[in-house]
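Visitor: Chain by chain, the residues run as shown.
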Amino acid sequence: MRAYIIRRLIYAIPTLLGVSIIVFLITRLSPGDPVRIYTFGALNVTEEDIQALREHYGLNKPLYEQYVLWLIQVLQGDFGKSLQYNRPALPLIFDRLPATLQLATTALGIQLLIGVPLGVMAALRRGSWVDYVIRVFGVLGHAIPTFWLGLMAIIIFSVTFRVLPSQGVLTVGHDVWDVPDRLKHLILPSIVLAVAGIANYSRYLRTETLDVIAQDFIRTARAKGLRERTVTYVHALRNALIPVVTALGGVLFALFSGALVIEQVFTWPGVGQFTYAAARSKDYPVIMAGVMVASALLVLSYLLRDIAYAFVDPRIKVK
Amino acid sequence: MATAQTTIATAPPIPIRRASAGLWSNAWYRIRRDRLTVAAALVLFLIVVLSLSAALISQVLGMSFEQQDLLRTYSVPTLDPPGYVLGSDEVGRSQAVRLFYGGQVSLFVGFVAAFIQLTIGVLLGLIAGYFRGKIDDVITWFITTLNSVPAIFLLIIFAALFAPGAITLTIVIGALFWTGITNFVRGQTFALREREFVTAARTIGASSWRIMFKHILPNVLPLIFVLSAIDVGAIILLESALSYLGLGIIPPTPSWGNMLTNAATYYNRAPWLVVSPGVMIFLTVLCLYLIGDGLRDALDPRLRGSEG
Numbered sequence: 001m002r003a004y005i006i007r008r009l010i011y012a013i014p015t016l017l018g019v020s021i022i023v024f025l026i027t028r029l030s031p032g033d034p035v036r037i038y039t040f041g042a043l044n045v046t047e048e049d050i051q052a053l054r055e056h057y058g059l060n061k062p063l064y065e066q067y068v069l070w071l072i073q074v075l076q077g078d079f080g081k082s083l084q085y086n087r088p089a090l091p092l093i094f095d096r097l098p099a100t101l102q103l104a105t106t107a108l109g110i111q112l113l114i115g116v117p118l119g120v121m122a123a124l125r126r127g128s129w130v131d132y133v134i135r136v137f138g139v140l141g142h143a144i145p146t147f148w149l150g151l152m153a154i155i156i157f158s159v160t161f162r163v164l165p166s167q168g169v170l171t172v173g174h175d176v177w178d179v180p181d182r183l184k185h186l187i188l189p190s191i192v193l194a195v196a197g198i199a200n201y202s203r204y205l206r207t208e209t210l211d212v213i214a215q216d217f218i219r220t221a222r223a224k225g226l227r228e229r230t231v232t233y234v235h236a237l238r239n240a241l242i243p244v245v246t247a248l249g250g251v252l253f254a255l256f257s258g259a260l261v262i263e264q265v266f267t268w269p270g271v272g273q274f275t276y277a278a279a280r281s282k283d284y285p286v287i288m289a290g291v292m293v294a295s296a297l298l299v300l301s302y303l304l305r306d307i308a309y310a311f312v313d314p315r316i317k318v319k
Numbered sequence: 320m321a322t323a324q325t326t327i328a329t330a331p332p333i334p335i336r337r338a339s340a341g342l343w344s345n346a347w348y349r350i351r352r353d354r355l356t357v358a359a360a361l362v363l364f365l366i367v368v369l370s371l372s373a374a375l376i377s378q379v380l381g382m383s384f385e386q387q388d389l390l391r392t393y394s395v396p397t398l399d400p401p402g403y404v405l406g407s408d409e410v411g412r413s414q415a416v417r418l419f420y421g422g423q424v425s426l427f428v429g430f431v432a433a434f435i436q437l438t439i440g441v442l443l444g445l446i447a448g449y450f451r452g453k454i455d456d457v458i459t460w461f462i463t464t465l466n467s468v469p470a471i472f473l474l475i476i477f478a479a480l481f482a483p484g485a486i487t488l489t490i491v492i493g494a495l496f497w498t499g500i501t502n503f504v505r506g507q508t509f510a511l512r513e514r515e516f517v518t519a520a521r522t523i524g525a526s527s528w529r530i531m532f533k534h535i536l537p538n539v540l541p542l543i544f545v546l547s548a549i550d551v552g553a554i555i556l557l558e559s560a561l562s563y564l565g566l567g568i569i570p571p572t573p574s575w576g577n578m579l580t581n582a583a584t585y586y587n588r589a590p591w592l593v594v595s596p597g598v599m600i601f602l603t604v605l606c607l608y609l610i611g612d613g614l615r616d617a618l619d620p621r622l623r624g625s626e627g
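For the protein sequence lines, the chains are A and B, in the order given.
For the first sequence, position 226 matches number 226 in my numbering, and the numbering has no gaps at all.
Every number in my numbering is 319 more than the matching position in the second sequence, counting from 1.
Treat the hints as calculated values from the structure; they're not laboratory data.
Check the hints yourself; a few may be wrong.
Some residues of chain B that are not near chain A, with every Cβ distance over 12 Å (derived) [what the hints assert, rightly or not]:
{"hint": "1", "residue": "348"}
{"hint": "2", "residue": "350"}
{"hint": "3", "residue": "375"}
{"hint": "4", "residue": "387"}
{"hint": "5", "residue": "423"}
{"hint": "6", "residue": "451"}
{"hint": "7", "residue": "480"}
{"hint": "8", "residue": "517"}
{"hint": "9", "residue": "524"}
{"hint": "10", "residue": "544"}
Some residues of chain A that are not near chain B, with every Cβ distance over 12 Å (derived) [unchecked claim]:
{"hint": "11", "residue": "9"}
{"hint": "12", "residue": "43"}
{"hint": "13", "residue": "55"}
{"hint": "14", "residue": "112"}
Per the computed footprint, the stretches of chain B lying under chain A, defined by three or more beta-carbons under 8 Å from a beta-carbon of chain A, are [to be verified]:
{"hint": "15", "stretch": "471–477"}
{"hint": "16", "stretch": "554–560"}
{"hint": "17", "stretch": "593–601"}
Ideal placement from N, C-alpha and C gives every residue a C-beta, glycine not left out.
Based on the provided sequences and hints, a complete structural model is requested.
Guide: Below, the structure is given as structure tokens:
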């Protein structure tokens, strides 16, 4: 088990290196000279000063050398200072991390708690109206644009009925530890973010459960006279649940992407919203830190999934 | 000996049988009987036709997509003038006309990006699955890397820093999200290359490329069609989110996404402006997904058992 985890950890290194190369290339190859943007409008800046600045920041070196220098700094946690806030970029991103984690984990919890039982229920009552309704929801929830669902939720619950807040994590002026108020703010964004995943899980679990039910060992269990309930919950369900962990990969990927958009819709002060704002104002250090942190989170989630997978499915350890 | 010959000579001629139905004609037969898929195809067809005839609609309704009327902003849906049949926006433009022009853009991005994605995905998948070894390792590493950056983060920094036009954006979306298709084709190729017909082709001296494209690809193709229908829908969703954030299709060119950009600021004045673009995205993507599901059932009846 430990060897497996260590191997997974090592696999994450080339992946993160790849991400860093992509991020570095996109930011460095984008049009616009950072030195000129930085000094734009400043008086008394001569051409020599600009050259000196370029030299100072290492911008005259070849691209691969710049990358290595940048990477060495990044590995020490130094993404440079935000051009906007004049503070180190990484702590700025870390400040936003709790809000994102809160939103993403809540949404993930909702997805699992609702999506999985829906899928199993549909499979067990195949062909009934329950199955039909769940399948229709599975398709609808998958096709609906999340940000639009968020806007509609705001129109209905915040503007028309005024029952739930439409933005932020906390009512202005409330105590930071006002948990009920925080929960109230969390309801709309987390449910909206969860919808696509619920739909995905219900579709997936339905297929998996049907597959398992059709297998020989289920027939054997029935043939030896076990009660139907034991067959369903002990034999069928436990095997159908293994793919829940497999499916987490796609779900997590969608979750982190969706979080950025949802954070924007609900003015949720998370990593996505901050990175988006930085991208709009071309704050390069913050952009790079934001994307790297988001990717590291995703890689970490994949890692946790793989470990969970090894726990759930004993066959994995053999390989 | 002689009798045998006579029997052969006098044997009744074998009745001319119709060629047995192939995969495609079978699938076509099944799709026609699948009412949900047919309905989805019709609705999608309607949306495509309406979007393509946006210029015509704008003439009939008597308003161009950029024609403003600052005296009649946020008009409720009305037939006076006919251009306001779905209301007017914050500068008095016709929502209906913009909606159909927006459809052109969204559908263009969806279909073209999906085509690019498919081309890259199938090609890399075939190569990785067929040659295996080092090439496969590199392609797999690339896939893992791309799957480890939340898609929208990459698109957003790209869009913010490069400020691409609609066509560049389409190409970038196509070039970034081929990993799912590659994975699928790679897995299939892995399995297919061990089959007898591939060995047979190799025995008679067929080149690797010939085996890949003439023998393996046709076996993978049916399910690629399924994936591509679903892909077009996913891309339309992605583009709309990006445009909503103000980084996709740049106004004044309307797209379903960017028509919603300012929706948050005026939804208590004109909620209908928020409803119509969203419904169009929703309907289009829904139809594409339903067609994808229907195609899969039709092309691979074995899956039907598990999918109901």
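Visitor: Give a verdict on every hint.
Guide: Comparing the hints with the structure gives:
no. : hint    : verdict
1   : 348     : holds, 23 Å
2   : 350     : holds, 17 Å
3   : 375     : holds, 27 Å
4   : 387     : holds, 24 Å
5   : 423     : holds, 18 Å
6   : 451     : holds, 18 Å
7   : 480     : violated, 4 Å
8   : 517     : holds, 26 Å
9   : 524     : holds, 37 Å
10  : 544     : holds, 18 Å
11  : 9       : holds, 14 Å
12  : 43      : holds, 27 Å
13  : 55      : holds, 24 Å
14  : 112     : holds, 20 Å
15  : 471–477 : holds (count 6)
16  : 554–560 : holds (count 3)
17  : 593–601 : holds (count 6)
In this structure, the one hint that does not hold is number 7.
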